[in-house]
Amino acid sequence: MSVALPLPRQPGASLWRRRRDALPGFGLALGITLTWLSLIVLVPLSALVLRPWELGVTGILQVLSDPRVLAALRLSFGSALLAALVNLPLGLLVAWVLVRLRFPGRRVLDAMVDLPFALPTAVAGLALTALFAPNGWLGAPLKAVGVQVAYTPLGVFVAMMFVGLPFTVRTVEPVLRDLGTEAEEAAATLGASRAQALLRVVLPALAPALLTGFGLAFARSVGEYGSVIFIAGNRPLVSEIAPLVIVQRLEGFDYAGAAVIGLAMLLLAFVVLFAVGLLQAWLRPERRA
Amino acid sequence: MAAFLPRRALLGAAALAAVPAGAQSLPTLLNVSYDPTRELYRAFNAAFAAHWAKENGGQRIRVNSSHGGSGSQARAVIDGQQADVVTLALAYDVEAIAERGLIDKGWMGRLPHNSAPYTSTIVFLTRKGNPKGLRDWGDLAKEGVGVVTPNPKTSGGARWNYLAAWAWAQRQPGGSDAAAEELLGRILRNVTVLDTGARGSTTSFVQRGQGDVLLAWENEAHLALKEFGAGQFDIVLPSLSILAEPSVTVVDRNVDRRGTRAVAEAYLRHLYSPEGQALAAQHFYRPRDAGVLAAAGGVFPPLNMVTIDEAFGGWAEAQKAHFADGGSFDRIYRPSR
Amino acid sequence: MISSPATRDRPLTRWTAVILAVLLLTVFLALPLAAVFTEALRRGWETALAAYADPDAQSAIMLTLLVAAIAVPVNTLGGIAAAWCVAKYEFPGKRLLVALIELPFSVSPVISGMVFVLVFGAQGWLGPWLQERGVQIIFALPGLVLATVFVTFPFVARTLIPLMQEQGRTEEEAAATLGASGWQSFRLVTLPNVKWALLTGVLLCNARAMGEFGAVSVVSGHIRGETNTMPLYIEILYNEYQFAAAFAVAALLALLALVTLFAKTLLERFSGRRREIA
Numbered sequence: 001m002s003v004a005l006p007l008p009r010q011p012g013a014s015l016w017r018r019r020r021d022a023l024p025g026f027g028l029a030l031g032i033t034l035t036w037l038s039l040i041v042l043v044p045l046s047a048l049v050l051r052p053w054e055l056g057v058t059g060i061l062q063v064l065s066d067p068r069v070l071a072a073l074r075l076s077f078g079s080a081l082l083a084a085l086v087n088l089p090l091g092l093l094v095a096w097v098l099v100r101l102r103f104p105g106r107r108v109l110d111a112m113v114d115l116p117f118a119l120p121t122a123v124a125g126l127a128l129t130a131l132f133a134p135n136g137w138l139g140a141p142l143k144a145v146g147v148q149v150a151y152t153p154l155g156v157f158v159a160m161m162f163v164g165l166p167f168t169v170r171t172v173e174p175v176l177r178d179l180g181t182e183a184e185e186a187a188a189t190l191g192a193s194r195a196q197a198l199l200r201v202v203l204p205a206l207a208p209a210l211l212t213g214f215g216l217a218f219a220r221s222v223g224e225y226g227s228v229i230f231i232a233g234n235r236p237l238v239s240e241i242a243p244l245v246i247v248q249r250l251e252g253f254d255y256a257g258a259a260v261i262g263l264a265m266l267l268l269a270f271v272v273l274f275a276v277g278l279l280q281a282w283l284r285p286e287r288r289a
Numbered sequence: 290m291a292a293f294l295p296r297r298a299l300l301g302a303a304a305l306a307a308v309p310a311g312a313q314s315l316p317t318l319l320n321v322s323y324d325p326t327r328e329l330y331r332a333f334n335a336a337f338a339a340h341w342a343k344e345n346g347g348q349r350i351r352v353n354s355s356h357g358g359s360g361s362q363a364r365a366v367i368d369g370q371q372a373d374v375v376t377l378a379l380a381y382d383v384e385a386i387a388e389r390g391l392i393d394k395g396w397m398g399r400l401p402h403n404s405a406p407y408t409s410t411i412v413f414l415t416r417k418g419n420p421k422g423l424r425d426w427g428d429l430a431k432e433g434v435g436v437v438t439p440n441p442k443t444s445g446g447a448r449w450n451y452l453a454a455w456a457w458a459q460r461q462p463g464g465s466d467a468a469a470e471e472l473l474g475r476i477l478r479n480v481t482v483l484d485t486g487a488r489g490s491t492t493s494f495v496q497r498g499q500g501d502v503l504l505a506w507e508n509e510a511h512l513a514l515k516e517f518g519a520g521q522f523d524i525v526l527p528s529l530s531i532l533a534e535p536s537v538t539v540v541d542r543n544v545d546r547r548g549t550r551a552v553a554e555a556y557l558r559h560l561y562s563p564e565g566q567a568l569a570a571q572h573f574y575r576p577r578d579a580g581v582l583a584a585a586g587g588v589f590p591p592l593n594m595v596t597i598d599e600a601f602g603g604w605a606e607a608q609k610a611h612f613a614d615g616g617s618f619d620r621i622y623r624p625s626r
Numbered sequence: 627m628i629s630s631p632a633t634r635d636r637p638l639t640r641w642t643a644v645i646l647a648v649l650l651l652t653v654f655l656a657l658p659l660a661a662v663f664t665e666a667l668r669r670g671w672e673t674a675l676a677a678y679a680d681p682d683a684q685s686a687i688m689l690t691l692l693v694a695a696i697a698v699p700v701n702t703l704g705g706i707a708a709a710w711c712v713a714k715y716e717f718p719g720k721r722l723l724v725a726l727i728e729l730p731f732s733v734s735p736v737i738s739g740m741v742f743v744l745v746f747g748a749q750g751w752l753g754p755w756l757q758e759r760g761v762q763i764i765f766a767l768p769g770l771v772l773a774t775v776f777v778t779f780p781f782v783a784r785t786l787i788p789l790m791q792e793q794g795r796t797e798e799e800a801a802a803t804l805g806a807s808g809w810q811s812f813r814l815v816t817l818p819n820v821k822w823a824l825l826t827g828v829l830l831c832n833a834r835a836m837g838e839f840g841a842v843s844v845v846s847g848h849i850r851g852e853t854n855t856m857p858l859y860i861e862i863l864y865n866e867y868q869f870a871a872a873f874a875v876a877a878l879l880a881l882l883a884l885v886t887l888f889a890k891t892l893l894e895r896f897s898g899r900r901r902e903i904a
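Chains as they are written, first to last, in our numbering: chain F, 1 to 289; chain W, 290 to 626; chain H, 627 to 904.
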């Protein structure tokens, strides 16, 4: 349900070791973990889940049927899905280049991939806006060919691609590295063409990791605020993202309305991630066959 | 031992977290204000700190200010923002705080000129040369005109915009409330961006190139000219606008608890001093002081203005008729596209 | 390592791939960064330095450091405890626990801030109770810290769990057999094994804590010099048309990101965790 990276199951640890464990500290560690989790995450999130109901079902439906809310949700989820999708081939390309090829400057490239992750989102937003504004380094040439990125839905998409890219690269990279080249070599020995080997051998092996990367990139970008807000232009019904609608409701002190939209976003995101998880599960047995 | 360390670390963090922000030794004053006053109060806060030090044997103080849509800011104070003084876009927002008991009734009479040390009005800011030929409120309703204004639900400036247009429509030949509502409906359909505060709208219009006309505070329009060069925009004065009286007052409950009443009152009084008035004029607010106003010369051309009391019977009435849930704004707001 | 001709692509293909990747990362990652520094220095060094000397900027920097100094240790402690439970023990609900720990990652920053407003705001669950006692959470430091802790919640746990699972529990069990207390075996066995990963996690957590915008934007009262962290201060400067100053402060944060990346690369080389195949 969540975006958990598939954690390898602990070998041979299936039996329960609750009583008289050789390792002390379980109680303390679990106590700290649960306190930490409850205070910071569970209790506040339960407010998000419970708050909307004070409006009643009709009130909730009224908030959700506001054309502005609908348009914002459509934009946020549409762009995030599209950006995560576009990031798949791009992330695969970068991961491939980093793992398989040797060239000068590879280490710099490798470090650079994490930049969107380390760069504060507001800084990223300002930077992308400066770059893609009609008078920016990329905005000016793009304007000459009639494309405007900044202050349009396209800008939202670009910012979401930016924040999502490291996740596709970093989830595909280790799998690609572990995969090695043996399987491809075997395929080649058996007479498969290069394209066939890639399509039939490499891609299926990478598919689960690609899906995980897709899920992470999507989860990261769908709710993104800082990097999107500067470049989006924030025009209602056109380039206004759902988190901004939430902020505006909060500024108007409509807490319950804001919570409705927040809860809707959370549930929709889980539906998408759940679908990704199902797809992953469906792919796995096929790969073994 | 093992058990103590984490717990102690947690306690330490908790203790740190419990210290209220800004609990520094320097006495501080918080002015919760509205959006376009950023530059004014930045200058005025420094001027007042110097003035206070001179009057009080060198005692140093620090004045902070917070800015946003006037309505949002009022709600923040109601919601627990520890404001010593509020300097908001309109009396109604101050009244909303007073209704919650945070400010004494009758606050408006505590300072001269209805507790509004400076005034402003609403003007149009258009692209250079006014290519769409927008001269008056009626022109804003024309097909194909992109209008930028903040949201009246959260922004005080936007409420003045709205009421100015309404007052104009009522005073046209054959004007009536119905005609005004019809005009506002057509103008609102031309709105391309509806930001929460006046500054957001200015940014959208000036930097993001949205729309053909910005309905702006006079001071905000002048500031945009100053910041981005007079060559890019024109200020257009409509035939009729509204006299905006931004209100200032001390938040009684907060100053009494924090013991800052004396400083807070001095702060607001200083707005009426020659220095305060000159700073207001410098930042394009119309000063109350006739001498300062005259010295500003042609910056503030005379303009035909209605007041909220004569045109709408005061803020309480205007708010109920137009901006409360189910008011005229809710009835007619249909977002474009 | 790149050996067999069967898996070797033609030089043309390989170089096209490299050039495409470099181009993509340059346009997408390096150019925005360059734009920040260019804009920051557009009006000269003096303007940029003056922007840092502003007392409001300094208090924003101090506040950002303070918030990170509280949030990062809290999440480090929680992350270590969580990783210890998850990696070393089997218990019912473990998968749920992992999922819950990762949950904040998929929550919009805005929602992360909002949940605390819902709990502690004047209209929230505890708001009236807190207001009576004069305790301020929202619009003050505690709110900023809580929102930051929420947003950076999973980072340390995420980096530790896979590694600690991989390492299993044999070493700790051996230590216990030799009579080590739980704390001793943690300090002498577990910690040295995971120290580099832990540092990486702390580093990422810190980078995110200092750079967080959406969540703190919701809980901060935007009071200059009091509740403005650096990212919020950048937004204010930007709204006040002080572009050079806004970008100067942004450049400072970007520099922090670069230092983080550099340190992370170094750490990974120390730990040898990402084996190089060449």
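There may be inaccurate statements among the hints.
Not the full set, but computed from the structure, chain F residues with beta-carbon under 8 angstroms of chain W [unchecked claim]:
hint	residue
1	P134
2	W137
3	T152
4	E182
5	A186
6	S193
7	G233
8	P236
9	F253
In silico negatives: residues of chain W with every beta carbon more than 12 angstroms from chain F [claimed, not checked]:
hint	residue
10	R475
11	D484
12	L532
13	G616
Worth flagging that the hints you see were computed from the coordinates, not collected in a lab.
Being a predicted model, the structure only gives us computed values, none of them experimental.
Virtual Cβ for every residue (Gly too), placed ideally from N, Cα, C.
A quick look at each hint next to the structure:
1. P134: holds (7 angstroms)
2. W137: This hint is violated: W137 of chain F lies away from chain W, its Cβ roughly 17 angstroms from the closest one there, beyond 8 angstroms.
3. T152: violated (10 angstroms)
4. E182: Constraint on E182 of chain F not satisfied, violated at 47 angstroms.
5. A186: This interface hint is violated because 52 angstroms lies over the 8 angstroms limit.
6. S193: Violated - the Cβ of S193 of chain F stays beyond 8 angstroms from chain W, reaching only about 51 angstroms at its closest.
7. G233: holds (6 angstroms)
8. P236: Hint holds; P236 of chain F Cβ to chain W Cβ min 5 angstroms, cut 8 angstroms.
9. F253: holds (4 angstroms)
10. R475: For R475 of chain W, whose nearest Cβ neighbour in chain F is about 17 angstroms away, the distance exceeds 12 angstroms, so it holds.
11. D484: D484 of chain W is in fact no farther than 12 angstroms from some Cβ atom of chain F, at 7 angstroms.
12. L532: holds (27 angstroms)
13. G616: Since the minimum Cβ distance to chain F is about 14 angstroms, G616 of chain W lies beyond 12 angstroms and the statement holds.
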